[in-house]
Amino acid sequence: MGKQITDKISKDIYTCAGCGFCRFGCPVSRKVGFESLTARGRMYLLKKVIEGQLNYDRDLIESFYACALCGNCNEICPSGVDYVDTVSHLRQHFVKQGKLPESQKLLRNNLVEKGNPFAKEGEERGQWLPPKYKEPKRNKNLYFVGCSSSYSSTRIARSLIRILQSAKFEFTMLGNMEKCCGDPLFRMGEEEKANELRKNNIEKFDELGIETIFASCAGCYKTLKTRYPQRFKVIHATQLLVDFFKQGKLEFKKEFPRKIIYFDGCDIGRHCKTYEEPRNVLKAIPGVEFMEFDYNRDEAICCGGPFASSDPDLAAEIAGDRIREAENKGADIIATACPTCMVNLREGARRIGSDIEIQDIPMLLPGLIN
Amino acid sequence: MSVYEDIAAIVGKDRISDNKLDLICYSHDLAPLPDELIKGFGGFKPDIVVRPENISQVADIMKYANKRSIPVTPRGGGSWGLGGVLPIDGGIVIDLCEMNRIIELNHEDEYITMEAGLEWKRLLDTLQKYGFQVASYPTSAPVATIGGYISTGGSSGIGVSCYGPVGEQIISLKVVLPDGKMIQTNPWDSWLFVGSEGTLGLICEVTLKIFKRIEMKHMLFGFDSLAVGIEAIVKMSEIRPYYFTFMDKHFVKFLNEKGDHFPEKEITLAVTFEIKERVYEKEEDSVNNFFNGSRYSDEMAEKEWKNRYKTALSFKSLGPTMLSQEIRLPARFLGKALMEWKTVLSDKRIAYKGTGSDNGAVNVLPVILTDEREKKAFFTATFYTNEIARIGKRYHGSVYGIGLFNSYQMGQIHGESLDVMKQIKRELDPKNILNPYKTVENRIPSFILLFIFKLMKHATPLFVLLMKCINGLSDSFVNNTSKLLKSRKWENR
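Top to bottom, those sequences are chains A and Y.
Okay, so the first sequence: first residue is 2 according to the working numbering, each after it adds one.
Okay, so the second sequence: first residue is 77 according to the working numbering, each after it adds one.
Hints listed in this document are in silico derivations from the structure and should not be mistaken for laboratory results.
Predicted, not measured: the structure shown is a model, and the values here were computed from it.
Positions of the beta carbon are idealized from the N, C-alpha and C atoms, including for glycine.
Keep in mind that the hints are not guaranteed to be accurate.
Said to hold, decoys possible - Pairs of lysine-lysine residues, derived as BS3-like cross-links and limited to a Cα-Cα distance of at most 27 Å, are as follows: (1) K96/Y <-> K97/A; (2) K100/A <-> K121/A; (3) K138/A <-> K205/A; (4) K418/Y <-> K329/Y; (5) K379/Y <-> K352/Y; (6) K334/Y <-> K9/A; (7) K412/Y <-> K533/Y; (8) K386/Y <-> K32/A; (9) K12/A <-> K451/Y; (10) K121/Y <-> K32/A; (11) K544/Y <-> K49/A; (12) K451/Y <-> K49/A; (13) K197/Y <-> K288/Y; (14) K382/Y <-> K330/A; (15) K49/A <-> K386/Y; (16) K285/Y <-> K382/Y.
As the list claims (entries may be wrong) - Simulated DEER-style distance windows between Cβ atoms: (17) D374/Y <-> R325/A: 37 to 47 Å; (18) E358/A <-> R177/Y: 22 to 32 Å; (19) S373/Y <-> D299/A: 22 to 32 Å; (20) R325/A <-> K352/Y: 33 to 43 Å; (21) R232/A <-> V304/Y: 54 to 64 Å; (22) E333/Y <-> D295/A: 31 to 41 Å; (23) F527/Y <-> R325/A: 52 to 62 Å.
Work out the full structure, taking the sequences as your base and the hints as a guide.
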């Protein structure tokens with residue numbers, strides 16, 4: 002047994018009873034099914050490693066990367082075992098040993114070389130920004146856009162900027178200076194490289210005198226909140242919006258008679274326990290019939306988004322199941338508070354030929370407010 | 077073509093695995109067994125795991141396996157702890173969890189037909205949406221499958237004290253027999269397969285009675301006196317509310333160590349009534365009169381109900397290993413049995429929980445906290461599971477379920493009817509391929525196993541030595557015997 006298994010993790014491994022409650026809401030288990038890809042399966046395999054009957058070979062390492070870290074198993078586990086921590090910890094160990102699986106390498110290299118997952122150039126990051134926000138200025142408030150909304154889903158960010166301008170809210174943005182928050186690297190166990198990105202961002206925050214950071218991306222929100230210094234107050238864009246509607250800074254001018262179902266992303270939901278604000282924004286829209294997934298809030302089932310780069314077919318298949326659930330409920334629109342969920346759910350819908358609309362919350366609002 | 081390829085042709089290549097990691101994962105269930113003992117049994121690794129999609133694939137696999145005499149072990153959620161899902165002879169494990177569709181929910185005639193791999197929680201959640209409920213279900217509902225609960229007897233769980241075991245709710249089963257033939261049962265012959273622990277057929281589709289949801293009332297009581305607490309439990313077994321469960325002082329103490337805040341009384345009793353007019357009021361009155369003064373707040377009662385799936389394992393980290401042996405016995409003997417357990421097994425690391433069962437019985441779950449990494453303590457704890465059963469039997473109790481690990485007790489439990497059961501098994505499964513050496517058969521004679529158990533506790537070094545010898549021999553001896561037993565040559569794929 003190596004040093005890679007700390008006392009806490011060893012305790013968790015032996016605490017896991019193997020009861021299998023963790024399979025209930027596991028997106029991978031529900032799709033693939035075989036036991037080696039369940040939380041209890043991995044814990045049992047680790048026990049065999051401790052007992053010297055198994056090595057960290059390629060298959061075993063791959064199994065540890067076939068986890069979305071969505072945290073559903075943590076919530077349902079009757080014995081309080083922290084699987085997310087165990088898997089994260091083991092991944093760090095694999096990275097230190099130079100055993101990062103091939104499936105992760107492209108994403109890793111893109112992030113390390115270009116500071117974003119899409120291998121785009123840093124100068125393209127802020128290309129689409131309105132002139133006012135192109136250059137970072139001193140301000141207490143910062144909108145951290147994140148890679149997805151900077152490069153591929155810019156409509157989320159453009160919508161949010163419009164809304165915030167209507168609310169006469171002053172803030173600044175990092176533009177081309179912004180780099181990935183580090184989330185994908187933290188997830189794959191690349192702490193060192195993730196910290197380099199983090200350091201770059203923190204320096205910029207300090208230069209601009211930032212106190213409050215808001216993010217529209219759930220992954221950035223989680224990472225900024227849990228991995229960055231506590232001196233920055235981190236909130237999700239929907240938390241900001243809820244306040245603006247409450248204070249009357251924003252008002253709806255139009256009815257929107259549609260059935261909207263809210264999808265709890267794992268990063269904003271289970272990992273940050275921000276369940277109500279996104280719902281409250283949607284519920285405030287006049288004419289909206291608000292709906293819930295059967296399994297929501299801490300029971301919500303992941304869309305598969307974390308696999309979008311390493312196993313796109315699996316990611317889309319898992320998303321397809323969520324799409325069907327929403328369709329069965331009779332929803333017109335699935336609203337997300339995370340670009341990763343939005344993009345992946347759209348891919349899932351495309352593959353099963355569903356015409357359900359999938360929109361991130363900020364995208365729904367500009368036409369409805371002043 | 078190899079066996080692997082043949083089976084893959086039936087189920088598709090995504091639904092079959094012989095990956096080393098999967099084979100390890102399918103070689104255990106909830107019970108942590110000493111490694112020495114596992115090797116003594118000859119190991120439990122399957123050669124192939126399949127996850128069929130529908131009943132006709134299951135039938136095709138069985139036809140194929142029967143023709144080639146390949147052992148087949150069915151598996152549901154794998155949340156039992158008696159080794160019922162362990163492939164003692166290797167071969168094929170059929171993981172039925174992929175078969176989890178609801179086929180028909182009939183509102184008018186109030187029944188539901190589904191595939192047997194569906195988890196109970198998902199069934200309950202679906203029924204709730206339409207305003208229905210089932211009569212009884214297991215406390216392991218998030219993982220236990222419909223078929224698994226039926227196969228393992230279905231008389232320990234929620235609703236059993238009021239509505240009886242799950243067998244009474246069955247309208248029909250679709251079962252694949254060991255030769256691959258599919259049959260559909262009526263409510264009465266379904267009983268043949270209830271509690272057969274996957275030795276007579278694979279339950280693939282199930283039709284259950286359902287009914288309109290009834291509101292429930294949850295209550296929680298604490299008793300300073302063990303005698304009064306036991307009296308209350310016996311009373312409950314007569315009134316037969318929808319559900320009742322009790323915990324002793326140690327159990328509550330352990331719960332509190334993990335953050336609960338129950339008063340640590342000798343007996344804590346949670347009762348759930350269905351609010352049917354007339355009956356309920358009468359029952360509530362009688363309960364309230366009887367339990368005068370010891371009732372906790374409604375919030376505490378509701379919280380306990382909400383945690384009903386989790387309670388049993390919630391303090392496992394204190395072990396971190398937890399062993400158990402569920403005993404079913406008439407409630408009126410509970411007091412005496414509990415006293416003797418507590419006297420003989422005077423270990424502070426044992427706590428008792430129980431639930432109401434049918435026919436005035438209770439299922440008692442003594443849980444033993446230990447640490448499998450400390451061999452001596454772990455062996456002693458393993459020995460205790462045997463003692464729990466022995467004492468239970470003195471008070472007309474019996475182990476709840478046999479599977480593999482309780483197989484040495486099957487003679488005591490079934491008495492002379494064991495021969496009849498063996499005959500039925502032979503008739504349906506002449507080649508002994510379906511879940512062999514479980515439930516009605518025993519590969520290792522009972523007296524040897526009992527001897528090993530005693531060695532484990534009283535002469536640990538001797539036990540370790542003996543097991544080492546068996547393991548040493550096992551490479552030649554066990555493999556040879558299993559090859560002889562198999563004489564099946566199918567593994568040369």
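Subject >> 27 Å Cα cutoff - pair K138/A, K205/A >> reply: With Cα atoms ~10 Å apart, K138/A and K205/A stay inside 27 Å; holds.
**OP:** Could you grab the alpha-carbon distance between K285/Y and K382/Y and see if it respects the 27 Å cut-off?
**Re:** Judged against 27 Å, a Cα distance of about 24 Å means the pair holds.
Subject >> F527/Y paired with R325/A, Cβ distance criterion 52 to 62 Å >> reply: holds, 57 Å
**OP:** Quickly compare the C-alpha distance for K451/Y and K49/A to 27 Å and report which way the hint goes.
**Re:** holds, 16 Å
**OP:** Would you check the hint for K12/A and K451/Y, treating anything up to 27 Å between C-alpha atoms as holding?
**Re:** Holds, at roughly 16 Å.
Original post:
Between K334/Y and K9/A, does the CA-CA distance stay at or below 27 Å?
Top reply: Holds. K334/Y to K9/A sits at ~16 Å (cutoff 27 Å).
**OP:** Sort out whether K288/Y lies within 27 Å of K197/Y, counting only the CA atoms.
**Re:** Holds: K197/Y and K288/Y sit about 17 Å apart, inside 27 Å.
Original post:
Honestly, do D374/Y and R325/A meet the 37 to 47 Å range at C-beta?
Top reply: holds, 39 Å
Original post:
If you draw a straight line from the CA of K382/Y to the CA of K330/A, is it 27 Å or shorter?
Top reply: The hint holds at about 26 Å.
Original post:
Given the hinted pair K100/A and K121/A, is their alpha-carbon gap at most 27 Å?
Top reply: Answer holds: K100/A to K121/A is near 26 Å, not above 27 Å.
**OP:** Measure nothing beyond the straight line between the CA atoms of K379/Y and K352/Y; if it is 27 Å or shorter, mark the hint as holding.
**Re:** holds, 22 Å
Subject >> Restraint status (C-alpha distance of K49/A to K386/Y at most 27 Å) >> reply: Between K49/A and K386/Y the Cα gap is close to 26 Å, so the pair holds against 27 Å.
Checked against the numbered hints given earlier, this structure breaks none of them.
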